[in-house]
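Trainee: Working from the sequences, and respecting the hints, build out all of it.
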Amino acid sequence: MIRSVSFWLAALLLAAIPLLVMDIPKHYIDWTREVHDEMIVTVHNQYNLSKAEKGDILDNILDANKTLMASMYLKSFGGVILLCLSIFFLCDTEDSEVGPC
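For the sequence shown, the numbering used here begins at 1 and goes up steadily by one.
Hints listed in this document are in silico derivations from the structure and should not be mistaken for laboratory results.
Mixed in with the good hints, there may be bad ones.
Once the Cα atoms are required to be at most 30 Å apart in a straight line, the calculated BS3-like pairs of lysine-lysine come out as [to be verified]:
#: 1; residue 1: 26; residue 2: 66
#: 2; residue 1: 75; residue 2: 26
#: 3; residue 1: 66; residue 2: 51
#: 4; residue 1: 54; residue 2: 26
#: 5; residue 1: 66; residue 2: 54
Mentor: Listed below in structure tokens is the structure:
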């Protein structure tokens with residue numbers, strides 16, 4: 001059994017990555033439904049809206065776009081950071097069972 005704290009910390013960080021990034025496909029699907037499709041429908045004037053109403057709808061769509069994109073980017077960046085930290089901790093172990101990096 002490996003008794004290195006660095007190894008187990010790296011294992012926990014690696015285990016946290018799927019938990020963090022599994023929402024990214026859901027956010028992409030939400031982005032497709034809430035932003036992409038609604039923008040196309042609004043711009044092509046399928047609702048016969050005035051310019052002011054279109055502007056309000058597009059403002060709401062762009063706010064949703066910012067929120068969904070920010071959450072996708074932050075979770076992706078967090079996954080990369082956790083991966084780098086886990087590799088660092090794996091290379092930091094002094095156990096001979098883990099092997100050199």
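Trainee: Next step is simple, just say for each hint if it's right about the structure.
Mentor: Taking the hints in turn, this is what the structure says about them:
Between residue 26 and residue 66 the alpha-carbon distance is near 15 Å, which keeps this suggested pair within the 30 Å criterion. Taking the CA atoms of residue 75 and residue 26, the gap is near 12 Å; set against the 30 Å cutoff, the hint holds. For a cut-off of 30 Å, the pair hint linking residue 66 to residue 51 stands: about 22 Å separates their Cα positions. Taking the CA atoms of residue 54 and residue 26, the gap is near 27 Å; set against the 30 Å cutoff, the hint holds.
Annotation: proposed proximity of residue 66 to residue 54 holds, straight-line Cα distance about 18 Å (limit 30 Å).
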